[in-house]
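So the protein sequences, as listed, match chains A and B.
Per the UniProt record's numbering, the first sequence runs over residues 1 to 245.
Per the UniProt record's numbering, the second sequence runs over residues 1 to 245.
None of these hints come from the bench; they were simulated from the model.
C-beta: ideal position from N, C-alpha, C; glycine also.
A portion of the hints provided could be inaccurate.
Now the in silico label distances, taken between C-beta atoms and shown as ranges [as the list claims (entries may be wrong)]:
1. A/S239 <-> B/S54: 35 to 45 angstroms
2. A/E105 <-> B/D163: 37 to 47 angstroms
3. A/A235 <-> B/R213: 26 to 36 angstroms
4. B/T167 <-> A/D231: 11 to 21 angstroms
Listed next, the in silico DSS-like pairs over lysine-lysine satisfying Cα-Cα at most 25 angstroms (straight line) [what the hints assert, rightly or not]:
5. B/K156 <-> B/K234
6. B/K234 <-> A/K234
7. B/K159 <-> A/K234
Going by beta-carbon spacing under 10 angstroms, a handful of chain A positions derived as facing chain B [stated by the list, open to error]:
8. P160
9. P173
10. L176
11. K177
12. A179
13. S185
14. A228
15. S230
16. F237
17. V244
2 protein chains.
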Amino acid sequence: MTYCVGLRLNAGLVMLSDTRTNAGLDNISRFGKMFTWERPGERALCLMTAGNLSITQGVVTALNEACARAEAGEDVESLLTCSTMFRAAQLVGDAMAAQQKRYREQLEETGARAGATLILGGQRKGGRPRLFLIYEAGNFIEATEDTAFFQIGEHKYGKPILDRVITPETPMPQALKAAFVSMDSTLRSNLSVGMPLDLAVLPAGELRFSVRRRMEQDDPEFQKVSGAWSDSLKAAFSSVPEIVL
Amino acid sequence: MTYCVGLRLNAGLVMLSDTRTNAGLDNISRFGKMFTWERPGERALCLMTAGNLSITQGVVTALNEACARAEAGEDVESLLTCSTMFRAAQLVGDAMAAQQKRYREQLEETGARAGATLILGGQRKGGRPRLFLIYEAGNFIEATEDTAFFQIGEHKYGKPILDRVITPETPMPQALKAAFVSMDSTLRSNLSVGMPLDLAVLPAGELRFSVRRRMEQDDPEFQKVSGAWSDSLKAAFSSVPEIVL
Numbered sequence: 001m002t003y004c005v006g007l008r009l010n011a012g013l014v015m016l017s018d019t020r021t022n023a024g025l026d027n028i029s030r031f032g033k034m035f036t037w038e039r040p041g042e043r044a045l046c047l048m049t050a051g052n053l054s055i056t057q058g059v060v061t062a063l064n065e066a067c068a069r070a071e072a073g074e075d076v077e078s079l080l081t082c083s084t085m086f087r088a089a090q091l092v093g094d095a096m097a098a099q100q101k102r103y104r105e106q107l108e109e110t111g112a113r114a115g116a117t118l119i120l121g122g123q124r125k126g127g128r129p130r131l132f133l134i135y136e137a138g139n140f141i142e143a144t145e146d147t148a149f150f151q152i153g154e155h156k157y158g159k160p161i162l163d164r165v166i167t168p169e170t171p172m173p174q175a176l177k178a179a180f181v182s183m184d185s186t187l188r189s190n191l192s193v194g195m196p197l198d199l200a201v202l203p204a205g206e207l208r209f210s211v212r213r214r215m216e217q218d219d220p221e222f223q224k225v226s227g228a229w230s231d232s233l234k235a236a237f238s239s240v241p242e243i244v245l
Numbered sequence: 001m002t003y004c005v006g007l008r009l010n011a012g013l014v015m016l017s018d019t020r021t022n023a024g025l026d027n028i029s030r031f032g033k034m035f036t037w038e039r040p041g042e043r044a045l046c047l048m049t050a051g052n053l054s055i056t057q058g059v060v061t062a063l064n065e066a067c068a069r070a071e072a073g074e075d076v077e078s079l080l081t082c083s084t085m086f087r088a089a090q091l092v093g094d095a096m097a098a099q100q101k102r103y104r105e106q107l108e109e110t111g112a113r114a115g116a117t118l119i120l121g122g123q124r125k126g127g128r129p130r131l132f133l134i135y136e137a138g139n140f141i142e143a144t145e146d147t148a149f150f151q152i153g154e155h156k157y158g159k160p161i162l163d164r165v166i167t168p169e170t171p172m173p174q175a176l177k178a179a180f181v182s183m184d185s186t187l188r189s190n191l192s193v194g195m196p197l198d199l200a201v202l203p204a205g206e207l208r209f210s211v212r213r214r215m216e217q218d219d220p221e222f223q224k225v226s227g228a229w230s231d232s233l234k235a236a237f238s239s240v241p242e243i244v245l
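Please construct the entire structure, taking both the sequences and the accompanying hints into account.
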């Protein structure tokens, strides 16, 4: 399983993913699910992946190849050269659709699932920070004023705190805290979501990541939030009046 | 969808269910999912149901028919006459297996699902309070010292608070509070789980329900817990230190 969450705030973008993958409960591995592309001062993009790993790796490889070919002078549109974030989401969606077309039928014949979803966030010079949720058909939706975050993978355990806290106006420190609490709740309740975590922060208008960091099990910032949240939850529960029936 | 939770405490049994059913998102109805049988002072049993409504109604009808036939003097084993709670769980499981045998194939041919799960709790004179989770094959498991609760239906949103609070030693008032908070979290996050609620409380050794109550939207006890929990959660989140990266 997987848990990735992307927040689209007025203050910028926050992207947080776990790194655990499993093929059955007895075959657990660690794979990064966060990929970034950056031309500091011009654009920065972050992609997070959930679902069939061979499919999502194929998508990322195709996107990287296009960047390399564009870099080498070929006339190829890539995440680093396309004109808008909307166009970037189309390129990612097209790469997904190509993978699905190539493998879906064979996968399903073997009883495997080809399903995959992606979250793409980023900003380019002249544009605003944008966040997209890309489906396996290659179609996508964009975060709006009404819905300021997207989740992929095991979304249920981590959703309530985001529902209560995250709006476009949420300041960055509070949003980071909410993302960590959301991840902590998911880690506790679903064994197939696991540390370490990958975190990327893209403040609005800066066009470069201010944070791009892997957080290991003993990361002091994450530990601080996780411990304090557990204690606060217990205190919160105690403070609710008892039922008299 | 559905959410039902059953707690097996040293202090007795708590059973709480919602009442919303849906056949698609545009066809939402209200059906009770909690059924009780009681011979005060001798035994009391409570069954909660999730899954295909025609299947679970068929199970309850079969169980009630057996009770009526036993009552009329026929030599039929029923929930009100069987010798142990374990035997009661077998009778419920047999009723489930019979429904599945009768309808499953036709249901699946039409693309519908026959899946259903049940929670059975109760105590008879000379026995202890017992709680069972009954699957669609008619097999079942029993709550133990290690696992003091069962959930059926939409279990994810309401599980974290139970994991943190419920053990066999949890006193009844705190357990009721945890059950309400668990239900409140689920109601907030999944529209297909809805008020009113059905609540049954069976204190250990009393062999009669001390509470068997329908709680409507404006129920003061539930409102009190729901409001206080929301406020306490916000306070808990505020008290977690902010992230500095």
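Evaluated hints:
no.: 1; hint: A/S239 <-> B/S54: 35 to 45 angstroms; result: 44 angstroms, holds
no.: 2; hint: A/E105 <-> B/D163: 37 to 47 angstroms; result: 41 angstroms, holds
no.: 3; hint: A/A235 <-> B/R213: 26 to 36 angstroms; result: 29 angstroms, holds
no.: 4; hint: B/T167 <-> A/D231: 11 to 21 angstroms; result: 18 angstroms, holds
no.: 5; hint: B/K156 <-> B/K234; result: 21 angstroms, holds
no.: 6; hint: B/K234 <-> A/K234; result: 13 angstroms, holds
no.: 7; hint: B/K159 <-> A/K234; result: 15 angstroms, holds
no.: 8; hint: P160; result: 6 angstroms, holds
no.: 9; hint: P173; result: 4 angstroms, holds
no.: 10; hint: L176; result: 4 angstroms, holds
no.: 11; hint: K177; result: 5 angstroms, holds
no.: 12; hint: A179; result: 9 angstroms, holds
no.: 13; hint: S185; result: 6 angstroms, holds
no.: 14; hint: A228; result: 4 angstroms, holds
no.: 15; hint: S230; result: 8 angstroms, holds
no.: 16; hint: F237; result: 6 angstroms, holds
no.: 17; hint: V244; result: 7 angstroms, holds
Checked against the numbered hints given earlier, this structure breaks none of them.
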